[in-house]
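K.L.:
Chains as they are written, first to last, in my numbering: chain P, 24 to 363; chain A, 24 to 363; chain L, 24 to 363; chain X, 24 to 363.
Where hints are given, some of them may not hold.
The list cannot tell twin chains apart, which means a pair is met if one copy fits it or any two copies do.
[Said to hold, decoys possible] Straight-line Cα separation of at most 20 Å, SDA-like style, residue types lysine to any residue; simulated pairs:
1. K112 to S342
2. K294 to A275
3. K158 to E295
4. K158 to R284
5. K158 to E265
6. K118 to V188
7. K294 to R155
8. K294 to A152
9. K118 to A303
10. K118 to S69
Simulated from the structure, these hints should not be mistaken for laboratory data.
There are 4 protein chains.
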Amino acid sequence: MTVRVGVIGAGMIGQDHIRRLTEVVAGAAVTAVTDIDGPRAAEAASRVGAAVLPSGRDLIGSPEVDAVLVASWGPSHAEHVLNAIAAGKPVFCEKPLATTAADCLRIVDAERAHGRRLVQVGFMRRFDAGYRRMKDVLASGALGAPLMVHCAHRNATVPESYTSVMAAQDTAVHEIDVLRWLLDDEIVSAQVITPRRTSRRFEHLRDPQIMLFETANGVRVDLEIFVNCQYGYDIQCEVVGEAGLVRLPDPAAAGVRTAGRHGTAVPQDWKERFGDAFDAEFRAWTASVASGAEPCGPSAWDGYAAAVITDAAVRSLESGGEVVAVGLKPRPACYGGAAA
Amino acid sequence: MTVRVGVIGAGMIGQDHIRRLTEVVAGAAVTAVTDIDGPRAAEAASRVGAAVLPSGRDLIGSPEVDAVLVASWGPSHAEHVLNAIAAGKPVFCEKPLATTAADCLRIVDAERAHGRRLVQVGFMRRFDAGYRRMKDVLASGALGAPLMVHCAHRNATVPESYTSVMAAQDTAVHEIDVLRWLLDDEIVSAQVITPRRTSRRFEHLRDPQIMLFETANGVRVDLEIFVNCQYGYDIQCEVVGEAGLVRLPDPAAAGVRTAGRHGTAVPQDWKERFGDAFDAEFRAWTASVASGAEPCGPSAWDGYAAAVITDAAVRSLESGGEVVAVGLKPRPACYGGAAA
Amino acid sequence: MTVRVGVIGAGMIGQDHIRRLTEVVAGAAVTAVTDIDGPRAAEAASRVGAAVLPSGRDLIGSPEVDAVLVASWGPSHAEHVLNAIAAGKPVFCEKPLATTAADCLRIVDAERAHGRRLVQVGFMRRFDAGYRRMKDVLASGALGAPLMVHCAHRNATVPESYTSVMAAQDTAVHEIDVLRWLLDDEIVSAQVITPRRTSRRFEHLRDPQIMLFETANGVRVDLEIFVNCQYGYDIQCEVVGEAGLVRLPDPAAAGVRTAGRHGTAVPQDWKERFGDAFDAEFRAWTASVASGAEPCGPSAWDGYAAAVITDAAVRSLESGGEVVAVGLKPRPACYGGAAA
Amino acid sequence: MTVRVGVIGAGMIGQDHIRRLTEVVAGAAVTAVTDIDGPRAAEAASRVGAAVLPSGRDLIGSPEVDAVLVASWGPSHAEHVLNAIAAGKPVFCEKPLATTAADCLRIVDAERAHGRRLVQVGFMRRFDAGYRRMKDVLASGALGAPLMVHCAHRNATVPESYTSVMAAQDTAVHEIDVLRWLLDDEIVSAQVITPRRTSRRFEHLRDPQIMLFETANGVRVDLEIFVNCQYGYDIQCEVVGEAGLVRLPDPAAAGVRTAGRHGTAVPQDWKERFGDAFDAEFRAWTASVASGAEPCGPSAWDGYAAAVITDAAVRSLESGGEVVAVGLKPRPACYGGAAA
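Work out the full structure, taking the sequences as your base and the hints as a guide.
P.N.:
Here is the structure:
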């Protein structure tokens with residue numbers, strides 16, 4: 024059975040996912056596309072033989088659409104996801120789930136009312152082979168309880184449109200999600216401290232930033248966010264436990280010795296670094312839809328938690344570095360929590 | 024358009040490829056299966072909704088089959104491939120292309136007579152990301168002309184059925200193919216020397232073996248074949264050029280520090296090590312069939328060359344270590360050679 | 024000319040330095056030893072043919088002593104160093120220079136009054152080849168201005184006598200010194216945050232701790248102190264600059280592949296990790312004494328700064344994690360500062 | 024007690040050893056120097072306050088000389104070493120022990136007649152920390168019996184005076200010695216095969232070369248000698264045993280990430296790579312002389328074996344690649360052998 028996917032949003036990321044669902048993932052087909060920019064939708068649809076539909080609502084309601092992929096502008100996410108839940112259709116929503124924690128919570132409530140999970144949020148790192156190996160090692164118990172995590176998230180450069188709060192909202196949000204999953208623990212406070220700024224940035228930007236998180240179990244996380252590091256796209260993660268540590272591997276790269284140096288290439292962007300993770304993410308999502316199972320990836324609750332935690336980080340940054348408590352609602356039972 | 028693949032041979036490797044074409048590769052479907060063991064074919068076919076056909080000839084002739092995958096017993100390869108060429112259908116043949124150089128040559132001749140390439144041979148390493156990066160580095164010219172290659176191919180263990188000549192025929196054949204491609208050069212002689220045997224092997228087996236090759240350009244290759252190395256499946260390759268060297272990367276693996284050691288896991292078998300390469304290989308083949316292009320992977324000529332070179336290595340082993348010249352026919356123009 | 028060294032304190036560290044000066048360092052000889060434990064002094068002295076003297080004062084005054092090494096109990100350091108300065112003799116003082124910042128300052132004042140530097144403090148990391156390479160890279164300017172430093176200092180275990188404040192005073196003090204030197208910058212605030220405690224420690228101990236420092240130039244440092252990490256003695260340091268980063272190398276270690284793992288041994292203690300640095304430290308000190316030059320290693324001012332900064336860290340720990348400003352006096356000109 | 028060393032030969036290597044014995048090694052002093060170039064001897068001697076003596080014979084006979092270091096022109100080694108043995112004085116001889124196997128054997132015979140070992144040959148690799156760790160791992164038995172060794176010895180460039188036979192005599196001789204020691208085994212045959220020549224060499228030179236050795240126990244060694252590799256001085260060694268392998272570590276080097284690459288510096292010459300090994304070598308030799316013990320380093324027998332094996336390699340090169348048997352005399356009991 025082929026999963027027929029309707030795609031809302033045919034911008035850069037939407038187009039990349041259309042390509043992925045068409046050329047890379049077995050068992051999926053894109054059957055409908057919509058975008059606020061009609062010609063863009065038409066062009067993307069024609070390339071894969073999909074129908075162009077006038078709105079997200081139409082697309083979600085189409086009998087040719089088994090499952091929905093939301094890759095539109097962030098502020099529109101909540102509406103599309105809520106509509107998909109109302110229609111009882113599985114929906115994959117690119118991050119963020121919604122642009123406010125309140126909207127995320129509305130989605131959580133709607134999904135809970137629906138009675139089973141329909142939503143998967145696009146945090147692809149949980150599907151990265153390196154993080155999965157780390158989780159296996161941690162789960163084995165060989166390292167004892169985790170105590171600390173040291174992370175870095177570096178981009179070569181960012182455009183002028185990237186603002187200081189996006190360090191939390193767009194960049195750190197990936198670590199926030201993957202750490203919650205890796206540690207099977209909840210983040211309870213956030214703090215942002217600001218080193219000397221790099222001179223190689225747009226004037227308005229606070230870069231780098233160091234974020235400190237504490238979890239319910241007392242694990243301390245330090246996370247360097249440095250989005251103009253110049254040299255490449257570099258993701259580091261090290262979890263230190265009572266009896267040892269485990270480190271995220273760098274991507275395999277051919278070693279070259281020449282001109283006095285031994286060296287390897289560093290990835291230059293997230294597509295290169297996490298391309299395989301995106302593939303695996305959509306493969307898993309397609310398989311869950313095809314089998315009728317609940318999605319195995321990040322849930323609406325995870326999307327909500329990420330929103331609340333990034334809010335706390337933003338508030339800390341804006342306050343000049345206060346420790347800000349993360350005020351999550353009780354986790355409902357359907358998301359693995361104790362709340363009704 | 025979905026490429027409809029007929030699979031000849033539903034043993035372990037055939038089943039793995041059926042799974043791959045069905046679950047992993049987009050744009051392919053297995054529509055027919057045959058096997059000398061009828062129930063085995065039926066079981067494999069039923070899992071993916073394919074027809075069971077009584078013979079390779081029937082399968083190749085079926086109008087429901089666009090392209091043929093040969094994964095049967097080695098001695099039957101030549102017949103199936105020749106039949107596919109006669110039918111004008113693209114055919115992917117697991118290695119070996121045929122069990123004798125003479126049969127390989129018959130396939131080359133048939134394909135040449137047909138007028139365009141239809142055959143791809145299953146040497147998957149050319150699709151491994153690490154080897155591809157090596158080729159990019161070599162092609163860049165940064166290292167000058169290649170002069171030497173140091174390789175190792177190690178398996179944890181082999182079963183009792185593995186014989187001394189299989190070190191060349193089944194094991195080294197992968198390096199033979201990938202080196203010819205990596206260097207864009209031809210192997211002209213082979214020699215096998217035999218170190219002290221490991222005690223951890225079946226009595227009849229000559230293990231390890233060291234193979235020495237020379238290419239037309241004078242590059243010297245040393246290749247350790249050690250199929251009972253105990254510790255894992257480990258593939259090493261280093262090309263030394265006039266101005267530097269490039270090394271095949273080890274697979275990315277999470278670093279763990281515990282109990283006095285920093286360590287990473289070594290892959291345990293070829294499925295783990297080259298799973299991604301197999302995926303990429305079938306993705307490329309499917310795309311070439313879908314587009315009507317000639318296959319981009321190893322050709323019938325490459326299959327023939329591998330057969331002649333492994334024959335030379337076997338003769339060297341059996342002679343006690345003589346240098347044996349590789350007697351290839353002139354390479355036809357359709358395979359990039361100068362011969363008519 | 025052989026430098027005749029008098030050693031005050033013949034405990035474990037004193038004996039190790041006696042061995043070093045006698046067997047490893049060219050151009051030095053231990054001619055006198057004193058210790059509050061007379062028989063211990065006698066035994067250490069007899070092994071190298073040195074005289075046993077009744078007190079530090081006698082030893083410092085001895086005409087057979089060109090230079091003094093203080094390796095006694097910490098609280099006695101200040102007195103011996105001040106006596107050596109009064110006698111105009113070069114003095115190497117194991118860390119700490121003194122147990123209070125006030126005493127350190129008395130030494131600084133005395134040395135300043137004397138008119139030239141006589142004191143070297145035993146922070147050996149400045150002589151470690153890895154840190155020196157880092158400093159070379161930073162000094163080259165290739166990485167731009169430093170912005171952040173990520174460090175870890177891990178010991179396998181500590182004895183019950185190790186208390187929570189020693190994390191700063193005995194352990195972090197090494198990073199504090201080496202970072203001031205590496206960055207050529209001053210630490211202006213310290214903060215200590217406390218992760219979940221490891222269960223593998225004595226009950227009274229706060230372990231691990233994370234220390235955060237800020238420098239005058241705005242560089243932010245995070246330093247993990249984990250003295251019961253179980254797996255070994257592990258020192259990590261990474262400086263991130265505007266255009267790249269540099270990492271302290273792990274010690275060279277033979278790679279071993281066996282039983283499914285590729286691994287290297289992690290050092291088990293500081294003697295193994297920094298043995299070469301200790302040798303280089305004493306070689307440099309001996310050479311400076313022999314040549315009549317001022318010592319090139321850490322100065323009395325560095326010892327004072329380390330004391331003030333560790334005091335700030337201790338206060339932060341005791342306050343439950345406040346940011347504590349480091350209140351250093353103006354740096355006198357003779358120590359490279361602007362103050363008179 | 025200070026060991027008083029007389030140095031024969033004050034060229035580059037002799038001067039470096041004088042510096043080492045004076046500034047680096049504790050317990051040694053250079054008391055006499057001789058050189059066929061008188062002013063050169065005078066200059067070297069004056070720097071360390073040593074006497075200048077007119078000849079090696081005078082130096083060996085001087086009552087101010089406890090032990091002799093031979094660092095003169097290779098053809099003069101045998102005479103000086105024989106004279107030192109005749110005088111009953113410990114003698115350290117830079118490699119080669121003598122320029123012919125026959126002369127080496129005369130030294131062996133003389134030493135045997137003298138009744139105890141006096142000679143140490145300057146193969147410093149046995150004192151390199153990396154090789155020593157490899158030997159420890161092999162000696163532990165964890166890897167089972169060794170079966171194969173893969174080595175490479177690369178220099179950035181060599182001057183025009185370096186000839187093709189020096190690949191064996193001057194370069195491979197270090198691997199020949201260290202492998203015999205590492206494996207505790209004897210080399211019984213040598214073969215040299217010649218890859219395509221690098222274009223970056225003087226016209227007369229055969230570079231690179233690949234040397235193949237077989238040991239008495241059947242271990243097979245392949246050794247790449249490439250003395251114009253351009254990129255640095257690079258020594259590789261991997262021993263493969265029945266249950267795993269061990270690799271010589273690269274020197275610890277600070278990792279730098281910048282401009283799209285992660286890289287480390289490769290050493291540029293043997294002084295940088297083996298400086299610590301030279302120090303350790305002379306420290307051990309000095310200690311053995313001081314204690315009156317036999318030297319623990321490479322013996323006259325090892326120097327003789329190296330000469331015979333390099334002769335075999337040279338003969339193989341000159342024959343166009345024949346396998347040449349190594350014809351060693353029976354090893355006398357005083358060198359650990361069975362012969363009387």
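K.L.:
Between copies, within a copy, both or neither: which fits K294 and A152 at Cα up to 20 Å?
P.N.:
Both. Shortest intra-copy (15 Å) and inter-copy (15 Å) distances satisfy the 20 Å Cα cut-off.
K.L.:
For the identical chains here, do K118 and V188 meet the 20 Å Cα criterion within one copy, between copies, both, or neither?
P.N.:
within (16 Å within a copy, 44 Å between copies)
K.L.:
As a check of your reading, is K294 near A275 (CA-CA no more than 20 Å) within one copy, between copies, both or neither?
P.N.:
Answer is both: 15 Å inside a copy and 17 Å across each meet the 20 Å cutoff.
K.L.:
Given a CA cutoff of 20 Å, do K158 and E265 count as a within-copy pair, a between-copy pair, both, or neither?
P.N.:
Classified as within; 16 Å inside a copy, 32 Å across copies.
K.L.:
Have a look at K158 and R284 and pick one of within, between, both or neither, based on CA distance no larger than 20 Å.
P.N.:
between (34 Å within a copy, 18 Å between copies)
K.L.:
Pop the pair K112 and S342 into one bin, within, between, both or neither, using alpha-carbon distances up to 20 Å.
P.N.:
The answer is neither: 41 Å in one copy and 54 Å across copies each exceed 20 Å.
K.L.:
Within, between, both or neither: how does the pair K294, R155 come out at a Cα-Cα threshold of 20 Å?
P.N.:
both (18 Å within a copy, 18 Å between copies)
K.L.:
How would you label the pair K118, A303 (within, between, both, or neither) given a Cα cut-off of 20 Å?
P.N.:
within (17 Å within a copy, 28 Å between copies)
K.L.:
How would you label the pair K118, S69 (within, between, both, or neither) given a Cα cut-off of 20 Å?
P.N.:
Neither, since 26 Å and 39 Å both go past 20 Å.
K.L.:
I want to check one pair: K158 and E295. Are their C-alpha atoms no more than 20 Å apart within a copy, between two copies, both, or neither?
P.N.:
between (22 Å within a copy, 18 Å between copies)
Hint compliance for this structure: hints 1, 10 are not met, and every other hint is.
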